[in-house]
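Asks: Residue numbers (our numbering): 331 to 568.
Source of the hints: derived by calculation from the structure; they are not laboratory data.
Any given hint could be a false lead.
Pairs of lysine-lysine, BS3-like flavour, derived with a Cα cap of 30 Å [unchecked claim]:
1) K361 with K497
2) K420 with K409
3) K395 with K340
4) K409 with K429
5) K369 with K340
6) K497 with K543
7) K449 with K503
8) K395 with K361
9) K489 with K369
10) K489 with K361
11) K340 with K543
12) K503 with K489
Label pairs and their in silico Cβ distance ranges [claimed, not checked]:
13) T416 with K543: 44 to 52 Å
14) G451 with K429: 27 to 35 Å
15) T416 with D502: 47 to 55 Å
16) S468 with K543: 39 to 47 Å
17) K361 with E546: 30 to 38 Å
18) M513 with V404: 24 to 32 Å
19) A393 with R453: 43 to 51 Å
20) P549 with T399: 43 to 51 Å
21) D502 with P549: 52 to 60 Å
22) G382 with P549: 34 to 42 Å
23) A515 with A332: 24 to 32 Å
C-beta atoms are modelled at their ideal positions from N, C-alpha and C, and glycine is treated no differently.
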Amino acid sequence: MAIENGTYIKLSYTGSVNGVPFDTTDAEVAKTAGIFREKALYGPAVVKVGAGHVLPGVDEDLAGKEIGTEYTLVLPAAKAFGEHKTEEMKAFDKKTFEKKPEVFERVTIEGREGVVVNKVGNRYIVDFNHPLAGQEVSYVYTIEGVVEDGAEKLAGIIKLLTGRDMKVDAEDKTFVSIEIPAMMAMYNQNWLMTQYMVSQEAFAIFPEIENVKFVESFPRPNYKTEEESAPAEEQAAE
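Construct the complete structure from the given sequences, taking the supplied hints into account.
Replies: This is the structure:
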């Protein structure tokens with residue numbers, strides 16, 4: 331079965347530069363390469379072919395491929411993380427920073443992340459290009475299968491956008507309900523924009539629904555009264 335644009339698939343992949351992995355869906359590969367992240371969710375990613383959920387060069391290559399076959403792809407910078415642009419390197423006075431930055435330190439300025447690459451007098455040069463901009467990258471990928479269930483499609487896209495598993499309930503034909511972690515907006519500064527993107531994805535997957543509901547639950551804090559904590563304190567004193 332050849333994959334077509336618009337199809338939701340489960341995709342396993344590893345991206346490398348000069349043979350060194352920088353991104354992967356395989357936990358073991360990540361551990362071996364020293365890029366394993368404890369809180370990351372590993373395993374095949376759910377993506378919609380042609381929707382820009384992966385790098386442009388990878389996205390373009392998916393259509394027409396077969397399930398279960400391993401493919402190798404080499405991408406020029408333009409099809410990967412873009413060319414390195416000198417206009418994305420900007421100078422900032424030291425007063426811009428709350429504390430003195432070190433060269434090669436990652437910083438956030440005006441809502442953008444960059445790397446301090448040099449210091450000239452009292453000014454710091456910050457590179458806002460992607461760390462892999464200007465580099466040729468290679469990908470090894472396998473399409474593990476096609477996703478047919480609507481709730482699974484949406485849950486997969488949510489995981490792709492947020493790095494979190496969220497429960498999707500699509501039993502009601504008029505709306506979709508999504509359970510989100512408490513205080514999500516505090517953990518993810520881009521949550522409002524992501525929330526909008528998720529809702530648009532839901533409307534595309536479920537054309538019959540009228541609403542998307544985000545359900546945020548706050549568990550009752552396990553506070554102890556003075557009377558409840560007193561016996562434990564007395565026992566500890568003995």
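Asks: Would you mind marking each hint as holding or not holding in the structure?
Replies: Here's how the hints hold up against the structure:
1. K361 with K497: Between K361 and K497 the Cα gap is close to 28 Å, so the pair holds against 30 Å.
2. K420 with K409: Holds - the C-alpha atoms of K409 and K420 are around 24 Å apart, at most 30 Å.
3. K395 with K340: Cα-Cα ~13 Å, so holds.
4. K409 with K429: violated (37 Å)
5. K369 with K340: Within the cut-off at roughly 20 Å; holds.
6. K497 with K543: Since the Cα atoms of K497 and K543 sit roughly 12 Å apart, the hinted pair holds (cutoff 30 Å).
7. K449 with K503: violated (59 Å)
8. K395 with K361: Roughly 29 Å separates the two Cα atoms, so the pair holds.
9. K489 with K369: Between K489 and K369 the Cα gap is close to 13 Å, so the pair holds against 30 Å.
10. K489 with K361: Judged against 30 Å, a Cα distance of about 21 Å means the pair holds.
11. K340 with K543: Cα-Cα ~25 Å, so holds.
12. K503 with K489: Given that 30 Å is the threshold and the Cα spacing comes to 23 Å, the pair holds.
13. T416 with K543: 44 to 52 Å: Between T416 and K543, where Cβ atoms are some 46 Å apart, the hint holds.
14. G451 with K429: 27 to 35 Å: violated (18 Å)
15. T416 with D502: 47 to 55 Å: Between T416 and D502, where Cβ atoms are some 53 Å apart, the hint holds.
16. S468 with K543: 39 to 47 Å: holds (42 Å)
17. K361 with E546: 30 to 38 Å: holds (33 Å)
18. M513 with V404: 24 to 32 Å: Given about 42 Å between the Cβ atoms, the range is violated.
19. A393 with R453: 43 to 51 Å: Distance hint for A393, R453 holds at roughly 47 Å.
20. P549 with T399: 43 to 51 Å: holds (46 Å)
21. D502 with P549: 52 to 60 Å: violated (25 Å)
22. G382 with P549: 34 to 42 Å: Hint holds: Cβ distance 36 Å, inside 34 to 42 Å.
23. A515 with A332: 24 to 32 Å: violated (41 Å)
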